[in-house]
Amino acid sequence: MKRFGERRAVDRVDVCLDEGECLAVLGPNGAGKSTLLRMLATLLRPDAGELSVCGRRLPDEAVRARALIGYLGHDPMVYLDLTARQNLELYADLYGVPDARERVDDALDRVGLLARSFDLVRTFSRGMAQRLGLARVLLHEPRLLLLDEPYAGLDAAGAHLLDAVLADASRARGVVIVTHEVERGVALAGRLLVLRAGRAVLSEPTGPIDGAAFRTRYEELVA
Amino acid sequence: MSSTTDARPARRLAVTGALTAALTALAVYGVFFVAPEDADQGIIQKIFYFHVAIAIASLVAFGVACIAGIAYLRTRQVRFDEVSSASVAIGLGMSVLVVITGSIWAKASWGTWWVWTDPRLVTFLIVLLLYAAYFVLRSSAEGERRYRYAAIYSVAAFASVPLSFYSVRVARSFVHPVVFTQSGANMPNSMLIWFVVSQVAVLGIFLTVLQLELLQRRADSALRRVKARLEAAA
Amino acid sequence: MVLFAILAMLIFQFAFGSRLGDLTPFAGGILWATLALTAVLGVGRSWVPEREQRVLDGILTAPVPRLVLLVSKAGAIYAYLLAVEIVAVPLLTLFFVRGQAPVDVALVAVVCLLANVGIAILGSLLACLALFARARELLLPVLFLPSMLPVVIAAAGATHAVLGGTNDLAEYRGYCLFLAVYAVIFGLVAYATYDHVFDD
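Protein chains in written order, with the working numbering: chain P, 1 to 223; chain Z, 1001 to 1234; chain L, 2001 to 2200.
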């Protein structure tokens, strides 16, 4: 449970995610989706209740948990005054990534920015910067990916990339993706969580749910 | 919701209030009618009793605020923030009184309304600014951040108090290597006893006002909770 | 930043110098008044990249202990102050001090090194408190300067003891000791509270 002043932003949400599962968090604006994600990212501390990520209890084992998490929000979180390469090298350093040089090259290549690796991020377009953000978040091979509206800033190339990343089940990583695109969420995820005004109104596996059919059900839930 | 109907805090307040009122009356009577007059300064010297008592009480208040701040950081319970902020408010008010009474005394002793040579007076001026900043900080943040930042600052500010005092004193002692005797740690017993009485009385005032303030805040927030509940149900 | 320090010193000259002629007794004070104001600017700038380029969340979700974060910002402030002092101190002796030996400047350097520690620690901590405030350019000086006053008093006193014409080494040592104590105490305060600064 997370309170902001008198308002309960997230209240009595029970979520349990196994390795390799993908959870889509849906809901209207202000439902508490981003707040929930930030709590999982160890950026916010819950006012009540328990929270553990990758087996690490928060907030006590926050530092260890952070090594296993990758958080991508609306912003790519890269320094505009550094080059793409310098940014990734910095993050590699922060996360203690071994073989940093190769991994950085590899990451830049995967997101298609290898050619621009020595350019300042200030010169990048929004889509390119967000792709760099994606590279950043994958650099340390996190066991849990936390994505907040990741498709929002991505260009077409980036969107394809992200699809590929999410479909890549071989990495055995857990993914929590917050999105307002209902159909995409249903298509990507193995579990669904729908929030409304901070409370969970739906929490179940996707199964063979049809996106369009679910849409009507969703509208009812959040009305 | 026992906290709204709990009569214990109110009863405690009544007890503290009564005791404090009695002590204060005793102190005023003792200081002005029983304690011997100072040969040099006459009746103005009597202000000194309260000046120092209030100064020490305000430092106690800031100490309480610091401890409550640490308690808040450890437990994140809002009641510790209430104690902390109320204590700072009272301490600040007392600090204003210290500066005012100090100024009156300066006028009586040296003829001017302000002197830079009294380390206590100068320190309390710094303390005023230090804790005025506390409220500026509080108003700049909202919600839980407000309590947390205020708690952190209450610790830093309290560390600044002795540092400020000693820096001013050390500076003075290099310029005027004469030891001040205006306070006279060697007071005759006839004066000392009333000094102690007035000190306890002022500490009592602090406690009483603190309890009063806390009681009022709890009533306020209980009222707000009820109001919120009614609005939610409507 | 260096430019600002020079300008500040000029302000002091034009505010007092025309009437007093020899400002040597005030040199210590002028230096530390200037440095106090420059420090406010430097501390205010210490989080600018993270805040304006929205990198803060990225840094906070990395497995870097908060203490390391605060210490590194303190280090940055320290380096910034040092860079200003390297220019400001010689200029100070040029503009305001009559008849001093080179060793005096070395003693002043020691004062700078000591005072910077306290300023950096204090600044690093308080900058975080002002990070999210809307009027942060106003809030930071209000928070920072009252707690800085002991440093100004002691550092100005120590500098004056060396440059002001009296050359009182006992005084100098006393003030330097105070600066060291200040740094230790605020180091402890920062250590006690660092974990809670970003703990939303």
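Since the hints were made in silico from the structure, they are not lab data. Among the hints, erroneous ones may be present.
To be verified - Simulated restraints on C-beta separations:
#1 L/I2086 - P/R64: 51 to 57 Å
#2 P/L120 - L/L2138: 28 to 34 Å
#3 P/D99 - L/A2170: 30 to 36 Å
#4 P/R101 - L/L2169: 51 to 57 Å
We treat Cβ as the ideally placed atom computed from N, Cα and C, and that holds for glycine.
Each hint, compared with the structure:
In this structure the hint that L/I2086 and P/R64 lie 51 to 57 Å apart at CB is violated, the actual value being about 41 Å. At roughly 32 Å, the beta-carbon separation of P/L120 and L/L2138 lies within the given 28 to 34 Å, and the hint holds. Between P/D99 and L/A2170 the Cβ separation comes to about 58 Å, which falls outside the hinted range of 30 to 36 Å. Distance hint check for P/R101 and L/L2169: the Cβ-Cβ separation is about 54 Å, which falls inside the suggested range of 51 to 57 Å.
When each numbered hint is compared with the structure, violations occur for hints 1, 3.
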